[in-house]
Amino acid sequence: MLEIITPSVSFFVLLSIFFIGAISSLIYQKNDSIANFLSSFFSIIGSLCGLFFSVSMIIYGKNLSFIINYPYSSFFKISFHIDLLSAFFIFIISLISLFCSIYGVGYLKHFYKKYSIGVFGFFYNLLIGSLLLVVTASNGIFFLIAWEIMSISSYFLVVYDRYDTDNIKAGFLYLIMTYVGTVFIILSFLFIYKYIGSFEFIDIKSGISLIPLSIKNNIFIFTIIGFGTKAGIIPFHIWLPAAHPAAPSHVSALMSGVMIKTGVYMMIRLFVDILQPIPVWWGILILIIGSISSLLGVLYALTEHDIKRLLAFHSIENIGIILLGLGSALIFYSLNMPELALLGLMASLFHTLNHAIFKSLLFLSAGSVINEMHTRNIEEYGGIIKYMPQTAMFFLIGSMAISALPPFNGFFSEWLTYQALFQGVAQLNLSFQGIFIIAASSLAFTGGLALTCFVKAFGIIFLARPRSTKVSSIKESPLSMRIGMGFLALMSILFGLFSGYTSRLLEKIGKDLSIFKDTNYFTSASFYQGIDIKNSFASVSAPIIFVVLIIIIFAVIFIFTFVINKNQKIKIENTWGCGLNLNKRAEITATGFARSIILVFKGILKPSIQNEVEYHDADSRYLPKSRVITIHVKNIYNYYFYQPLRNIINIISLKTKNIQSGNINAYISYIFISLIIALLSVL
Amino acid sequence: MELLFIIASFIGTALIIILIKNRLVIELLSIGASFVAFISSVFIALKVSVFGIYTPLVFLSVDSLGSIIMLIIGLICLATTIYSVEYLRQETSKNIIGFTRVKQYFILLNLFLMSMFLAASANNPIFAWIFIEATTLSTAFLISFYNKPSSLEAAWKYLIINSIGLLLGFLGTLLYFTTTTNLGGNDFVSWQFLQDNAHNFDPMVAKIAFIFVLIGYGTKVGLVPMHTWKPDAYSKAPAPIGALLSGALLPVAFAVILKLKVITDIAVGPLFSHNLLIFFGVLSIAVAALIMFNAKNYKRLLAYSSIENAGVMAFGFGLGGLGVFAATLHMIYHSFVKVVLFLSSGNLLLRYNSDKIKNVKGALSVVPVTSVLFISGFLIVTGTPPFGIFLTKMQILSVGINTHPVASIIALFFMAIVFIGFFKHVTSMFFEEKQVDIEISDKHIWLIIPPLIFLVLVFGLSFYIPPFLYTLISDVAVKY
Amino acid sequence: MTILIWIIQLFFVPVISPLIIGVIKKIKAKFQNRQGSSIFQFYKDLWKLMYKDEVVSKDASWIFLYAPFIIFTVTIAVGASIPLFASFLNGPTSDLLVIVYIMAISTFFLSLAGMDTGSAFGGFGSSREMTISALAEGGLIFSLLTVALVSSSTNVFIISGINILNHSQHLLSIMLAFIGFFIILLAETTRFPFDNPSTHLELTMIHEAMILEYSGKRLALMEWASANKLIIFIALGSNLFFPLGIAQNISWLALVIGIIVFLLKILFFSTIIAILESSVAKFRFFRLPDLLITSFILNVIAIVLIN
Amino acid sequence: MNILFLKFLFGVMFLTLVFLHLTKKNFLATVAYSIQSLVITIVLFNSFLETNNFYLLLVVFLSLVIKVIIAPIFFTNLIKKHALAFSVSTYFSTPLILIIISILTFIAYSDKFLPLTSIIPNNQALLSIALSVIFMSLFLIINRKGALSQIIGILSLENSILAFIIFAGLEQSPGLQIGVIFNMFIWIIIASVFISMIYKHFGTLNVTSMKNLKD
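Residue numbers (this note's numbering), protein chains in the order written: chain A, 1 to 683; chain B, 1 to 480; chain C, 1 to 307; chain D, 1 to 215.
Honestly, the hints are just simulated from the structure, not real lab data. Each residue gets a CB set at the ideal place from its N, CA and C atoms; glycine is no exception. Just so you know, not all the hints are guaranteed correct.
[Said to hold, decoys possible] Computed list of lysine to any residue pairs in SDA-like fashion (alpha-carbon distance at most 25 Å, straight line):
1. LYS148/B - ILE178/D
2. LYS424/B - ASN665/A
3. LYS296/B - PHE560/A
4. LYS424/B - ASN31/A
5. LYS148/B - TYR55/D
6. LYS602/A - PRO289/C
7. LYS214/D - LEU283/B
8. LYS58/C - GLY579/A
9. LYS145/D - ASN665/A
10. LYS356/B - ILE20/A
11. LYS52/C - TYR670/A
12. LYS657/A - SER209/D
13. LYS214/D - ILE238/A
14. LYS77/A - LEU283/B
15. LYS114/A - GLY321/B
16. LYS109/A - ILE238/A
[Stated by the list, open to error] Pulled from the structure, derived: some chain A residues nowhere near chain D, Cβ distances all over 10 Å:
17. PHE156
18. PRO235
19. PHE487
20. ILE553
21. ILE572
22. TYR640
23. GLN660
24. ILE664
25. SER669
26. PHE672
27. ILE676
28. LEU679
29. LEU680
[To be verified] Simulated restraints, written as ranges between beta carbons of each label pair:
30. LYS7/D - PHE193/B: 48 to 54 Å
31. VAL456/B - LYS113/A: 29 to 35 Å
32. SER89/D - ALA8/B: 48 to 54 Å
33. SER214/A - PRO467/B: 50 to 56 Å
34. GLY460/B - GLY207/A: 56 to 62 Å
35. SER681/A - VAL478/B: 30 to 36 Å
36. LYS7/D - ALA8/B: 46 to 52 Å
37. GLY460/B - ASN63/A: 33 to 39 Å
38. PHE54/D - LYS103/B: 39 to 45 Å
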């Protein structure tokens, strides 16, 4: 059965499902529930077909490419080329959009009377459709069209809740940054077109030798800026913590789980596949960007009190980890060690998949908490585990996966990235070894800090006593939202358990790329599904770890509850508060928790701590009524780079505005002067 | 023969309206006239796509570029007349203007459309100059329609600057006649005649002539150093007139420059005119982008966007070859999108009766359909991909990167600033919470249908170009 | 025969760890020239706690209830997969990173349990614990990495199998790595310069603060788990950096020698810790990161010096 | 008519323009303009004599009627109606104006514009005078702040272009010339209507009062 659905017609059926969904939900926008039903029905069906299509593509390992030429312009052809790499990304897109759409059915109910659901459905399906187009397009212009449709539709989803002004600001910042990124991408395609004369990826790949090295470096810089802005690497990340929280939760899950991966996809497609004979310093730069983004991403996440901003910063950190894998792959390939390059690429692809899964799980569970609490500030949460036990469980699984704790999928992709970096440290000479050591240390510190951040997040949100009265009135999220999250948690465990099998598939995907045609495997499968690095440097097996932990836990629980002191009485009392009855002021707050880490890293973060004290009566300063301490970390990128840039453009524009001085004599003198200058210059 | 229909219908309606008192008859007559004009321009376009040239009379001939422009004018005149009927009814209901003003409006409108059609189809350069001068005269009073000091100031500046520009253009066109005088006969001198014996044109005189023409008709088109009248005129004129000025008048003026450019290219070689056009094009994109960054009035914003697009067209035509094809396509898309933008800004003005950007808040909930029109118009005009203008801009840039890399990079950079500036104003106008006192109403059908038709038209044209139009455009690409 | 060795390996750590705590307390008492409790006192305390009733706070959730079991299991699992006296019990869970990240699970649940009861001490204890463990993880991975690079495999058993001569070429880097590892050992098991295990002073306690709310069986498990953790780190410290005396093949003689040598190593390590605890004062909290960063730098230098 | 007399006529035209730059009174400006258009009609008459094509006579008559008679009448009753005796001041002081005028004439006479002025070699002197008059009238519009003097500046620009064209041998067929003159006639009517409207709204003809259309 799988055989018949791989031809190109099935891809068009897949695309058409989404576009039908978009149009139909627009038509029925008058009645909210029908529009909601239609849009999520089509997106679910569409993502299911996407799953079948990509799985069959990967298993049968076939490439698909077909071209529809557009009659009116010579260089723009609607051409698709789906190799295993794009099939893998189609798999990620459809997996996450499937569960987000299921989640969305329940989540959209609270938008019913406020905004039109039909418009939401339209842009939501358009976004998923354009995501599929982005990862399969193989003509520069067609890719740019899909890329911009994706940005525009995600913009309209970010500003969907438009009565809140900072959503608008966030959306504005988002579209401006993506647009500037697209301008850089257009620039690089123009340079390529200048030397190769065509926008087709296949022609570019074959004619790559025509481009001189200096131009190739420019193209590299432009593409890094362009796709880096979309992927959210450090200097260009300022839109990500603003835009993702503004969007409805299942859209921000889709955006941070999948959309920023399109930037990574294009980096892989360009650097690994198309512009291939590349100099070494490209890989080194990506490695450095990866380590900076991962380290700073997690540090900024620690200072955050808004749950969705915290998760958005973690997306930046995980993109950094993916880039570590990619950077090491590029370095290895330019030092002609193809097996290690394949290992690095496998690590980054595996982490892309894992990050998509656990990040969207985290966003969805955070979304259902916000949906109940109507505020994103975690200082007002607390004790939610008693009211929303299943959401708490999903958030726990998500945070354990993201901080790479073993039984879950996060650990195994980070393990692979570690192996790639260790091979770098072991086999390369001194100068490269230094860079790999920096990368490995940043990965190690990021792991530790991510653990701290998610202890803070989970502890402050779900554990201990409620910090605001709203908590007592909330109830568990509706069924469809829990199903969405449940499946994602299951996926996170499954991909952890079968990490051996998935790394085999990833290796097959990697070998499909032209540069890895003849490289032999560096990792091999052992009979119990583990991943073994060559000459037994290292090996890990997920099922064994899982089985060992489960057996010992049940043994310990059995022994210590039923064998020793079976009839032990447990009394429920207040927490020991040295005689005071503990209210919410005694609990630790998010600021308190992160204060020590922030002060340790105060060189990088430059925090500013203000404390306001309110006294009972003004003159006697001895009886403070309340004391509020706020730690604020300055956004240095905004302060030192983006704000001055905006001011310069503003000043120049104010200067040019007084061309329009209102005085007619001045206007006529402009014409006269330009006439004289033109005449004198020409004659 | 259809051309005569057009002219006759416009002159007829203009004269009859003077005599009639009943308002409904006036409106029906003008709509009828513009409908006749539209139908006959379509016929002319079909004829030209078949025969290549259409000359009903000795001094009226329409080539491919002329027919495209007549098609544009025909479409836009129909839409604007229908729109202005409803627009003026709204204005009279808010008793801003009386009946005499309405009558005066329709007379001048018909004269303006007639002179534009004649200018597009004139066979002799001086003949074309006379009718472009006639368009300036007929629109002078249309701009000062609201009889407020500010609209009077705008009209005065429009009149003075345009007359100076056209006089310089007049001198320039006359200099082209040095090739013909030594032949003695001062019989009727057509474009083709000038083009045939352009080879014995003294190159230095040709250069001076082209500069005079570019500066002269450049004021009419609105390239940068000569653009100063445009923001004032477009912001003070009623919305349909603004649409006509930027949608229809701009291509007409551009056509004259292009026809004269062909003659200079034969005499002096293409490089001279290309460099000038590219210089003025990039300059217009740059200055328009920078001024647009903090405009305060959304109609002036549209004016600067027309200047920027005029710059893009000049840049396209300056590149030659594939660039000309893209620039003509860009001209068509831009004219139609500008109509959508101006007419929806007219609706905004009717609802908010202030054209300051800061007074318009939360328009998406107040006038939902108009805001959707305006936002999609904005997305089209700034060249976001799925629509046609992105393709034409990319084509111009990709042709430009080969021959003039620095200029195209500067152009791309400023196009980004245009998007950012325009987008900043659109978000501040459309997305916030609406003011309390404005009630939601978008029920005047006739205010919505014309811009909607044009939006659908642009959307359709981005994907499918009818064959006859395609032949016309490729013929233009060959000749110019 | 191997099953017997597996059983010994599994039960060795939990059985021996209370003894070590007793020994350390005895040596510290000797330094403060007082008699001190017998070295088996800790066994009795555990037995006593096992049979006492328990008080659980009403704010606590299931995490507070099940955390002790998870933490204890982690120490058992890690105890079973590291080389104690034999280096041929190679299992898939004995990869260097797996061990480090499984230990991270125990820190994760320990600090969550600390925060769960909603008392100020628990919250601050977890915050300090997480700060230290975040900074210590870098040093831990890199110190074990040096040894792994020397023996070109990250499997802990293979590292302990390498004979001592091979180390002699990289003596300097092994020594630096060991010093770094020893600092990390003190940090992870919250021994002296980082945290005073015997105090309940809320300004300084880290580990004690998190298990403040526990009582009865769960408190016993927590104490026992921290003792196991000490043994695990000592085992890693001794067998990876000085792999002499470990049984290479399954013969009774080698095994007995292995166990004896391992016990001597443990004794030696606990005397060092006890001497350290009674001679050095506890560092101020914000000087600890500098200590951890120095350990990290030492490990990096060690790696660079390898080749 | 011989070349000497034509040179005299162009000299008169040059002087009228210089006078326009310096005059303070609107009435004198209109008089200067009517003299100028008289010169142009004479020149047209001279070209009629050479080609004795009767339509040209019609053109001469039309330009005489419109430019010499009707336009000044319009302007004079405008001046009377609104009592605008004094034309508003200029941007530059009078010595500076003279310097700029001389620079412009120098540019017109320089060899840069030789190809332009030697379209017909023997009229070379006349054409360079005409070119300098074109530049001066452009400068007049820029320099003057009064609306009326700006209009007179534009009309004198038109006259100077006509003069240049006639002597560059680019004279058009009479039909087109009638069209151009008819165009000019409508332009004069509209301009005068605008002047009265400006006076009604702004109370003064000073153009600098119209500068609130900045943004």
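Quick rundown of the hints versus the structure:
1. LYS148/B - ILE178/D: Roughly 35 Å separates the two Cα atoms, so the pair is violated.
2. LYS424/B - ASN665/A: violated, 32 Å
3. LYS296/B - PHE560/A: Not satisfied, since the Cα-Cα distance of roughly 75 Å exceeds 25 Å.
4. LYS424/B - ASN31/A: violated, 32 Å
5. LYS148/B - TYR55/D: violated, 44 Å
6. LYS602/A - PRO289/C: holds, 12 Å
7. LYS214/D - LEU283/B: It holds: about 21 Å lies between the C-alpha atoms, which stays within 25 Å.
8. LYS58/C - GLY579/A: holds, 16 Å
9. LYS145/D - ASN665/A: holds, 8 Å
10. LYS356/B - ILE20/A: Given that 25 Å is the threshold and the Cα spacing comes to 40 Å, the pair is violated.
11. LYS52/C - TYR670/A: Status violated; Cα separation ~97 Å.
12. LYS657/A - SER209/D: Holds - the C-alpha atoms of SER209/D and LYS657/A are around 20 Å apart, at most 25 Å.
13. LYS214/D - ILE238/A: violated, 35 Å
14. LYS77/A - LEU283/B: Violated, because 32 Å separates the two Cα atoms, which is more than 25 Å.
15. LYS114/A - GLY321/B: violated, 53 Å
16. LYS109/A - ILE238/A: Distance of about 31 Å is beyond 25 Å: violated.
17. PHE156: holds, 30 Å
18. PRO235: With a cut-off of 10 Å, PRO235/A remains clear of chain D, as the shortest Cβ separation is near 35 Å.
19. PHE487: Answer for PHE487/A: holds, closest chain D Cβ roughly 56 Å.
20. ILE553: ILE553/A clear of chain D: closest Cβ-Cβ about 72 Å, beyond 10 Å.
21. ILE572: holds, 71 Å
22. TYR640: With a cut-off of 10 Å, TYR640/A remains clear of chain D, as the shortest Cβ separation is near 31 Å.
23. GLN660: violated, 6 Å
24. ILE664: Violated: least Cβ distance 5 Å, not greater than 10 Å.
25. SER669: Its Cβ does come within 10 Å of chain D, the nearest being 5 Å, so this is violated.
26. PHE672: violated, 5 Å
27. ILE676: violated, 8 Å
28. LEU679: violated, 7 Å
29. LEU680: Not fine: 7 Å to the nearest Cβ puts LEU680/A too close to chain D.
30. LYS7/D - PHE193/B: 48 to 54 Å: violated, 34 Å
31. VAL456/B - LYS113/A: 29 to 35 Å: Since the Cβ atoms of VAL456/B and LYS113/A sit about 31 Å apart, the hinted range of 29 to 35 Å holds.
32. SER89/D - ALA8/B: 48 to 54 Å: Taking Cβ atoms as reference, SER89/D and ALA8/B lie about 51 Å apart, which means the hint holds.
33. SER214/A - PRO467/B: 50 to 56 Å: violated, 45 Å
34. GLY460/B - GLY207/A: 56 to 62 Å: violated, 36 Å
35. SER681/A - VAL478/B: 30 to 36 Å: Cβ of SER681/A to Cβ of VAL478/B: about 31 Å, so the range 30 to 36 Å holds.
36. LYS7/D - ALA8/B: 46 to 52 Å: holds, 49 Å
37. GLY460/B - ASN63/A: 33 to 39 Å: holds, 35 Å
38. PHE54/D - LYS103/B: 39 to 45 Å: holds, 41 Å
In the structure shown, a violation is registered for the earlier hints numbered 1, 2, 3, 4, 5, 10, 11, 13, 14, 15, 16, 23, 24, 25, 26, 27, 28, 29, 30, 33, 34, in ascending order.
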